[in-house]
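What follows is each chain in one-letter form.
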Amino acid sequence: MTPPPVPTARLARRLFWPYRGRLAFLAVCIALGVGSIFAIANLVHLLGDGLYRDARTLMGADITVSSWRPLTADLEPRLQAAAGTPLRSVRTVQMATMAGKGDDPPFLVTLQAVEPGYPLYGKLAPDAATDALLFAPGPPPILVSPEVATQRRVAVGDTLRIGDTAFTVAGQLAPEPSGGLSGALGFAPRVVIPLTALDGTGLVQFGSRVQHALHFALGEPDAPEARTRAATLEALFEAVAGEGVRVRTFVDARDNTREIFERVALFFTLVALVTLILGAIGVVVGLLSFLNDQLDAVATLRCMGVGPGAIRRAFLLLFTILALSGGAIGVMLGLGADAAVLSALEGRMELEASLAATVPALLEALAVALGVGLVLNLVSLRRLGALPPHALFGGGRVRLRRRDVALLGALGLAGLSALLLARDVSPERTAAFTGGLLVALLGAAALIGLAFAVLSWLHRRLGGRSSDAAALRHGVLLVLRQRGRSTTWLLALGLGIGLTGALHLVQSSLSGALAVGAGSKPNVFLVDVQSDQIATVQRLADAHGATETQLSPLVRARLTHINGAGTDALTEQRQGRGERARLMRREYNLTYADGLGPGQKLVAGELWAPGSDAPVLSLEQRFATRLGVRLGDWLRFDVQGRPIELQVTSLRRVDWLSLSPNFFVVTPPGVLGEAPQTAIGALKLDDPQAVAAFQRDLFAEHANITVLDLAPVLSQADALLGELGRALELLALVCAAVGLLILWATLDLGRGEREARVATLRALGWDARGLKLMRLAEQATLGVVAAALAVPLALGVARPVLTQMNLDLAAAGPGLVVIALAPLLLPWLTSVTHGLARGRR
Amino acid sequence: MTTPASSTATPAAAESVLTLSAVVKEYASGGHALRVLDGLDLDVREGETVAITGASGSGKSTLLNLLAGLDRPTSGSVRFRGQPIEGWSEDRLAEWRRTQVGFIFQDFRLLPRLTALENVALALEVLGEPPREAARRAAEALGQLGLGERLTHFPDQLSGGERQRVAIARAFIHRPALVFADEPTGNLDPDTGARVLEQLLAVDAASRTTLVLVTHDAEVAARMGRHVRLVRGRAQ
Numbered sequence: 003m004t005p006p007p008v009p010t011a012r013l014a015r016r017l018f019w020p021y022r023g024r025l026a027f028l029a030v031c032i033a034l035g036v037g038s039i040f041a042i043a044n045l046v047h048l049l050g051d052g053l054y055r056d057a058r059t060l061m062g063a064d065i066t067v068s069s070w071r072p073l074t075a076d077l078e079p080r081l082q083a084a085a086g087t088p089l090r091s092v093r094t095v096q097m098a099t100m101a102g103k104g105d106d107p108p109f110l111v112t113l114q115a116v117e118p119g120y121p122l123y124g125k126l127a128p129d130a131a132t133d134a135l136l137f138a139p140g141p142p143p144i145l146v147s148p149e150v151a152t153q154r155r156v157a158v159g160d161t162l163r164i165g166d167t168a169f170t171v172a173g174q175l176a177p178e179p180s181g182g183l184s185g186a187l188g189f190a191p192r193v194v195i196p197l198t199a200l201d202g203t204g205l206v207q208f209g210s211r212v213q214h215a216l217h218f219a220l221g222e223p224d225a226p227e228a229r230t231r232a233a234t235l236e237a238l239f240e241a242v243a244g245e246g247v248r249v250r251t252f253v254d255a256r257d258n259t260r261e262i263f264e265r266v267a268l269f270f271t272l273v274a275l276v277t278l279i280l281g282a283i284g285v286v287v288g289l290l291s292f293l294n295d296q297l298d299a300v301a302t303l304r305c306m307g308v309g310p311g312a313i314r315r316a317f318l319l320l321f322t323i324l325a326l327s328g329g330a331i332g333v334m335l336g337l338g339a340d341a342a343v344l345s346a347l348e349g350r351m352e353l354e355a356s357l358a359a360t361v362p363a364l365l366e367a368l369a370v371a372l373g374v375g376l377v378l379n380l381v382s383l384r385r386l387g388a389l390p391p392h393a394l395f396g397g398g399r400v401r402l403r404r405r406d407v408a409l410l411g412a413l414g415l416a417g418l419s420a421l422l423l424a425r426d427v428s429p430e431r432t433a434a435f436t437g438g439l440l441v442a443l444l445g446a447a448a449l450i451g452l453a454f455a456v457l458s459w460l461h462r463r464l465g466g467r468s469s470d471a472a473a474l475r476h477g478v479l480l481v482l483r484q485r486g487r488s489t490t491w492l493l494a495l496g497l498g499i500g501l502t503g504a505l506h507l508v509q510s511s512l513s514g515a516l517a518v519g520a521g522s523k524p525n526v527f528l529v530d531v532q533s534d535q536i537a538t539v540q541r542l543a544d545a546h547g548a549t550e551t552q553l554s555p556l557v558r559a560r561l562t563h564i565n566g567a568g569t570d571a572l573t574e575q576r577q578g579r580g581e582r583a584r585l586m587r588r589e590y591n592l593t594y595a596d597g598l599g600p601g602q603k604l605v606a607g608e609l610w611a612p613g614s615d616a617p618v619l620s621l622e623q624r625f626a627t628r629l630g631v632r633l634g635d636w637l638r639f640d641v642q643g644r645p646i647e648l649q650v651t652s653l654r655r656v657d658w659l660s661l662s663p664n665f666f667v668v669t670p671p672g673v674l675g676e677a678p679q680t681a682i683g684a685l686k687l688d689d690p691q692a693v694a695a696f697q698r699d700l701f702a703e704h705a706n707i708t709v710l711d712l713a714p715v716l717s718q719a720d721a722l723l724g725e726l727g728r729a730l731e732l733l734a735l736v737c738a739a740v741g742l743l744i745l746w747a748t749l750d751l752g753r754g755e756r757e758a759r760v761a762t763l764r765a766l767g768w769d770a771r772g773l774k775l776m777r778l779a780e781q782a783t784l785g786v787v788a789a790a791l792a793v794p795l796a797l798g799v800a801r802p803v804l805t806q807m808n809l810d811l812a813a814a815g816p817g818l819v820v821i822a823l824a825p826l827l828l829p830w831l832t833s834v835t836h837g838l839a840r841g842r843r
Numbered sequence: 301m302t303t304p305a306s307s308t309a310t311p312a313a314a315e316s317v318l319t320l321s322a323v324v325k326e327y328a329s330g331g332h333a334l335r336v337l338d339g340l341d342l343d344v345r346e347g348e349t350v351a352i353t354g355a356s357g358s359g360k361s362t363l364l365n366l367l368a369g370l371d372r373p374t375s376g377s378v379r380f381r382g383q384p385i386e387g388w389s390e391d392r393l394a395e396w397r398r399t400q401v402g403f404i405f406q407d408f409r410l411l412p413r414l415t416a417l418e419n420v421a422l423a424l425e426v427l428g429e430p431p432r433e434a435a436r437r438a439a440e441a442l443g444q445l446g447l448g449e450r451l452t453h454f455p456d457q458l459s460g461g462e463r464q465r466v467a468i469a470r471a472f473i474h475r476p477a478l479v480f481a482d483e484p485t486g487n488l489d490p491d492t493g494a495r496v497l498e499q500l501l502a503v504d505a506a507s508r509t510t511l512v513l514v515t516h517d518a519e520v521a522a523r524m525g526r527h528v529r530l531v532r533g534r535a536q
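Protein chains in written order, with my numbering: chain A, 3 to 843; chain B, 301 to 536.
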């Protein structure tokens with residue numbers, strides 16, 4: 003009679019339940035890894051959606067089509083047809099013009115005439131009632147920006163004359179924290195009138211420089227569907243390609259915020275990866291230890307007639323339960339972390355994001371958890387499948403083989419690559435990251451091999467006949483003789499502390515860069531400075547105690563050719579779709595300089611000699627990448643009717659948060675020096691009264707120059723980014739604590755054997771001093787080698803990540819000292835705490 | 301299980317349980333084949349107790365592996381009740397061991413995180429016996445071996461002799477046709493070893509199970525019904 007199959011659940015319970023403590027550690031490691039991945043992915047999705055909503059609120063639309071010529075009547079129907087779905091739309095007209103209050107000198111404003119319904123998202127004024135005043139019956143109303151109100155002392159009820167019309171000030175517009183910098187509406191302060199009142203001003207005449215715009219909303223603000231939005235945007239771009247109209251989307255808005263968000267998101271991703279790898283270290287060490295315990299049991303069971311199929315099913319059941327429970331705990335931990343972050347940001351950020359578990363993040367967490375379970379299962383079964391039951395006879399003992407560990411590593415790297423690719427990281431970056439990790443692992447293995455050779459040499463030369471010398475020799479010998487365990491320790495310590503250290507280095511550099519308003523960054527900006535006014539500006543700035551004064555020439559130009567091929571043709575041939583096509587169509591502000599300004603760093607090629615007139619240019623690195631241009635390529639610009647052909651000879655990295663006047667394109671002075679130009683400026687004035695006095699004096703001499711006082715905005719941004727910096731610091735600390743906890747548990751490996759050894763040596767007559775010295779020698783040896791792994795790893799990871807963030811490594815000295823000391827101190831702390839725990843038991 | 305004091309004698313007319321015919325076993329070693337068993341013939345009969353002895357490296361453990369279906373011969377045949385087991389699949393062999401074979405190891409091989417009772421009951425549970433019934437029978441078997449007070453003790457809380465008695469109970473609990481014992485007293489002091497051997501033989505006699513015991517102890521071998529000495533891979 004055939005016996006019934008071995009009951010899987012019962013066998014699994016008998017085999018694994020006694021190891022529930024160790025398995026719980028594995029589940030916790032999985033939970034930490036999955037939790038970090040989920041928390042970060044979810045947070046990025048939540049904040050990303052918030053940023054999206056915020057960006058289009060600032061622009062008032064999802065997409066704006068504008069032109070310096072009146073828009074043709076058929077444009078809107080064509081665009082509606084191209085979108086394939088009815089879109090809300092509204093028209094505006096804007097121009098730079100002069101406004102005057104009573105007998106005060108007139109001043110430059112950006113006049114925006116709008117139809118009812120504008121903006122399509124958000125409000126013009128802080129409240130809807132003020133918005134409604136713009137279209138109320140009565141004398142023509144006008145809404146003015148806070149800059150106009152404060153700088154020109156304009157109050158509600160005052161009369162402001164623009165062209166032939168006297169407008170009554172109905173209220174103030176809502177402030178735009180960084181709108182002035184992003185250039186959404188030009189640099190001059192904004193005033194808004196009803197479109198119906200525009201004709202009465204008499205400003206729109208033949209030859210007037212007037213921008214006509216048509217704004218569209220793609221959908222309901224609370225139901226953003228990225229794929230649909232992107233497809234609709236692309237359709238609209240295609241519909242107007244080559245018509246000489248400018249198309250601007252919410253994606254282009256708030257470049258500064260986007261840059262901050264991208265850096266923070268990259269840091270979040272790094273935190274997630276580091277925690278994942280720390281969790282993986284815990285999982286690997288826990289698994290190795292667990293499997294080594296299981297091998298004997300499984301071999302015994304094989305002798306008892308439990309077949310490989312039954313063993314496989316029991317392990318599959320175990321790892322499925324572990325993966326799912328670890329994943330579920332991880333998601334809950336992640337949600338808790340997200341709730342804490344959102345709560346910390348509440349009221350401090352303009353972004354609105356409410357706690358939710360986003361579907362992509364949940365799917366990713368599930369995939370990671372099941373992937374980990376599958377890898378654990380594969381490796382376990384591979385080893386157990388090859389287990390020879392007869393190895394038990396004669397006292398044989400089975401151990402995990404090196405190729406199993408290699409398989410574990412290979413599967414881990416493959417999983418990591420899949421995760422990065424799923425996160426839309428480019429294949430090149432993914433390959434660079436996983437390749438870098440592989441190189442780091444191989445390098446670590448080589449370094450450990452070298453360390454063993456050196457230790458072996460050292461051990462042979464450790465002389466002395468005292469008991470202390472014998473204890474030290476024995477400590478070093480233990481490291482050498484327990485090679486497998488020492489290697490596990492070293493890799494866990496070196497990788498764990500190195501990666502946590504890298505996180506610290508990145509966090510401190512990022513937090514430093516986020517301190518926008520701190521230090522000596524400019525807070526006053528000057529627009530529309532004519533060449534012959536520069537000397538006056540400089541003189542007045544000096545007179546009012548300004549520092550960091552920078553005035554940069556500004557030359558308007560259009561990109562017409564790349565390497566001899568016309569940009570219009572390139573766009574029409576559909577070689578430059580999407581962002582590249584948009585970059586080819588836009589108008590550029592070029593500048594010229596002898597050298598690099600503040601916040602700029604040369605990253606490729608060479609800069610020209612001072613005073614040069616060579617036909618060359620320098621591009622901002624990321625702009626060059628987006629435009630698809632490399633060193634040696636030729637660009638032709640149309641500088642107000644005159645073509646100029648320039649070769650790209652250098653690439654610069656620009657810190658846009660430096661708040662200095664920065665440009666995508668810079669040429670030598672000799673190339674653009676004679677072109678028609680204006681200048682923009684930035685300077686720092688500490689005292690608000692000095693700012694007001696500087697504005698008054700400058701206005702008295704040159705009324706055309708617009709002065710933007712960004713001190714209040716910078717102060718607000720500084721407070722916000724300070725909070726963000728502290729949040730990043732907290733995140734890095736939490737990650738470090740998690741890492742230390744996992745390492746602490748990892749270092750517990752082999753405690754039983756250590757205790758047995760101590761007992762044996764005590765029986766052989768070793769005293770407490772000798773045992774301490776032996777342990778000290780063992781720990782110090784391992785610590786020094788682990789430090790030699792951790793420090794280069796921390797630098798090797800931090801540098802490329804910071805390069806991706808467009809940042810430099812901040813002073814790393816203290817951080818590196820901590821990273822170097824941690825591997826020495828952690829094993830000692832571990833033995834102390836384990837000793838205390840044992841004492842309590 | 302009862303515990304009579306004397307050893308068993310070989311029933312003359314009993315059927316063959318295990319038959320080895322011209323068994324050769326070679327291992328690759330340093331680029332050439334190392335012949336451990338060299339045309340070995342052996343016939344083990346129902347209820348027989350057989351001692352296998354020999355010097356270190358004579359092939360005792362290899363022979364035990366082949367008899368238990370844990371390894372396959374290079375040539376020759378191993379038959380269980382006339383059926384060649386070397387051609388069986390891994391699953392078929394596992395099923396055979398689960399139902400027909402018991403093992404006793406020199407170093408006990410008890411699962412360290414299971415109690416004495418659980419270790420013994422496991423042999424029944426893998427046969428589909430309900431846990432409660434398995435525990436009842438395991439407790440009974442351990443009680444007969446004098447371990448009634450040690451049911452909930454873990455292996456590291458038991459003495460060497462007690463551990464081996466738990467292993468004996470585990471080997472016999474499912475009433476196998478064959479029990480293989482690999483140096484069952486090798487890790488025990490002489491007095492304890494002698495007591496454990498007495499209990500092993502008593503349990504075996506009571507169950508009339510065929511016992512194949514590998515040992516290098518002549519006194520232990522003398523207690524078996526038959527003594528096979530391995531010399532250079534052949535039986536003498």
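Everything labelled a hint here was simulated from the structure, so no lab data went into it. Where is the CB? At the ideal position from N, CA and C, for every residue including glycine. Take these hints with a grain of salt, some might be off.
Unchecked claim - Computed, partial: chain B to chain A, Cβ under 7 Å:
hint : residue
1    : Asp391
2    : Leu411
3    : Ala423
4    : Val426
5    : Gly428
6    : Arg432
7    : Arg436
Just pull the numbers of the violated hints for me, sorted ascending.
-> 6 and 7
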